[in-house]
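Model the placement of chain W with the ligands on the given structure of chain R, informed by the hints.
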Amino acid sequence: MAGTSNPTQIDGQLFEFLLRQGDNVLVLGHRTSEWCGVAPALEEDIALTNTALDLIGQTQLWLGYAGEVEGKGRSANDLAFLRDVYDFRNVLMLEVPNEDFGRTLMRQFLFDAFQVPWLTALCASSNQNVADIAAKSVKEAIYHLDRSTETVIALGDGTEESNARMQSALDYLWPYVGELFGEDDVDKAMHEAGVAPMPATLRGDWETTVNSTLSQACLTLPDSKFAHSGGRTGFRHTEHLGHMLATMQTLQRSYPGAAW
Amino acid sequence: MYAQMVKSEATKDDPAKLAAFQVRIDAGEKIEPKDWMPEGYRKTLIRQVGQHAHSEIVGQLPEGNWITRAPTLERKANLLAKVQDEAGHGLYLYCAAETLGVSRDEMTEMLLDGRMKYSSIFNYPTLTWADMGAVGWLVDGAAIMNQVPLQRTSYGPYARAMVRVCKEESFHQRQGFHIMMAMVNGNAEQKRMAQDALNRTWYPALMMFGPSDKDSVHSSQSMAWKIKINTNDELRQKFVDETVPQAEYLGLTIPDEGLTWNEETGHYDYTEPDWNEFFDVISGNGPCNVDRLSARQKAWDDGAWLRDAMTAHAAKKATRNLAAE
Ligand SMILES: [Fe+2]
Ligand SMILES: [Fe+2]
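Protein sequences appear in the order of chains R and W. Everything in the first sequence is counted per the UniProt record's numbering, starting at 1 for the first residue and increasing by one. Everything in the second sequence is counted per the UniProt record's numbering, starting at 1 for the first residue and increasing by one.
Treat the hints with caution; some may be incorrect.
[Unchecked claim] Restricting the straight-line Cα-Cα distance to at most 25 Å, the calculated cross-link-like pairs of lysine to aspartate or glutamate (DMTMM-like) are: (1) W:Lys298 - R:Asp146; (2) R:Lys72 - W:Glu74; (3) W:Lys317 - R:Asp146; (4) W:Lys316 - R:Asp87; (5) W:Lys167 - R:Glu43; (6) W:Lys298 - R:Glu160; (7) R:Lys188 - R:Asp87; (8) W:Lys191 - R:Asp78; (9) W:Lys298 - R:Glu34; (10) W:Lys316 - R:Asp157.
In case anyone wonders, no lab produced these hints; they're calculated from the structure.
The shape of chain W in the complex, shown without the other chains:
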């Protein structure tokens, strides 16, 4: 997901306070910034919300790659608006994380020096226009699977950010699906692009939900705290079940020979992604990790003079206003 493999932090708080906190969580109460919370809860959330925010921002890059090459004025406007929405999501999420006591600038520095991560999916390249379809359809689609339940997460500012984000994500998914429709209804080359994009995006999209539950050691505390609502495998199965009919409707083939409907379980059986590849990507060896981070680093470095100037101007203005009083 946008927050993959977030390790729950151990907590050394007073057991009575911890128990009272758990009672509030179990009763479905929202935890607000000024409320007492265990240190582990705070730290885990900072990591999760921060990782989610960074994913929105780094996630601008693969789609930004096609803005200047969008094939029509309408498509260009739609894609721009979509990538802009992702910047907006980043902004809400950084604000949510700031309520936990960490600033946006600090989080950005942690992203750039590798202390904080972003979703593995954004380390894959976008090679043809059909990727704009596949990303919207599958990546935003997978994001929705995870984020809809997070609207009920225990931390108030995070839950509220998710409500705003989810509305836009479903719009993004439809937009991506429409791009795919145009491609599969197009000429032979466009159909080829569509199938190729699906071939490349399918397994990385499945990896977005994180490792299989049997290998996912960090979940139980986060689930007890309602920072995480569903297990990785539950969400992945739901995604597969919803996506298969959509691919059939498009006339595209999901690149999994093991994909079959299982009458007994009422779900599709599918082949797990190559988890070695996943661990390679999250440890920095994905096809685009270096390029993505250096693009963010460059934007940050190139923007330093501007951020300094804005701060200096605001300070001068404040002094001038004071002098005028």
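Just chain R, with the same shape it has in the complex:
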């Protein structure tokens, strides 16, 4: 961040940027963990739990560093368990309910297809901490993408019913994907400081992955270009996030200051 004239402002924006990274994996990790013990097959149960574990590990890194940058002594746990809805910075797509296993896997795929090029780019960040976290996370993301790609293809190709379920999952999620590529002041500041590329520059890569997978999965890309927003800025989350937080934060909220 050398050369910036206003370090407080850039730290504030870096904090926002780190919350976006951390909250994405926190919220998706939580949704994924909801399947543990009740997935459609033991192998899927175990595999999806691995994904959840990776995402929680990544959360600890991103939010841990966010707390340091903020400089108010908040830990990763404080940030995860003691913020309310409007302070969360994840994209909306990750907070909507799992619905069935098909939607869960479709969402995972759409996100993984973004995370792999995104984290790859962050490995070259001017901020060494960001680069280190990205380097650790990208290995996991590549593995997640391999798995979710394979599953989306299998389920799209499988039976008439599974194809219909995957198509409806894609149709449902599609209006939420645009938010991954948002560009606002935080993105611009990160780009100027060499911390991260503009997310929009990854859209081409993402589309290549998505188009090729969905065509192998016999699924049709929706026409609509409409994109919901409000998650990564915190301006307007879906109604679902509050319920997730009510569950997730219950012990920390009910017994303030207790150590577990």
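For chain W with the ligands alone, coordinates are given in the frame of chain R:
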């Protein structure tokens, strides 16, 4: 235990073959899937290993109940990893049972229609976070008591599955004990949760070893075949003897006024669990039996389309590969 009240099956095999089989068992040889074995041995094992596998899977539910409410990121990751290990145990055990000629899907159907059972312990609810401590400490603790000797069981695939399982179970027990430590070192509410969890879990944990030896009619053949290694009461006593000092260390009170050290026997005397309650639970009337089975039924039904799709996709892929050759 995870396999409670497994009835030994009668066997109608050729006496000479049976005698030769018993010689192998007595010599400590492992029986492998392709070896000759008495029909009763096979059937008893299917029932026992199947029941053990189902216990691992149904056992995911009471702890799964707290995954989304775990109080910190570390605790959530630990609990997830633990419940995932149990799924892994289920998988090894189903594989061991499959070597006896019954498929995982068949066993699942037998669980769902009530022909096969799972351990009574998983029919009790987990009500506070302290239950995650009590379950790890006491339930995994009791499981270890039974499973360590089963590493020497006569059926090779079962014994080998137990070796892998036991390593993870002792880790689970330590993790549970650490949760309890944090609770007893915490505030008054946390201490109350810890004591309450122990109060509710103690007797159901003792029931895990199955009825008292005097009422346990199924043991002798299984012991001769080395499918069962110790008697129920031996294991229960060992569990009590090891657990009492741990509870003292935690500053918690075991809910048994009759619990006293017996100088003469060198063991603790303790009050037997209410066996009427035990028989109620295993016959379907435990606090969570209906919910547990309907959760498994729902997962099975909801997953049907996915399992069908995976099979259909694999078949299409095979056809396409064949066509490409
Ligand atoms: Fe286990
Ligand atoms: Fe365990």
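For each hint, the structure was consulted:
no.	hint	in the structure
1	W:Lys298 - R:Asp146	violated, 28 Å
2	R:Lys72 - W:Glu74	holds, 21 Å
3	W:Lys317 - R:Asp146	holds, 17 Å
4	W:Lys316 - R:Asp87	violated, 47 Å
5	W:Lys167 - R:Glu43	holds, 21 Å
6	W:Lys298 - R:Glu160	holds, 22 Å
7	R:Lys188 - R:Asp87	holds, 20 Å
8	W:Lys191 - R:Asp78	holds, 23 Å
9	W:Lys298 - R:Glu34	holds, 15 Å
10	W:Lys316 - R:Asp157	holds, 9 Å
In summary, the structure is inconsistent with hints 1, 4 from the numbered list given earlier, while agreeing with the others.
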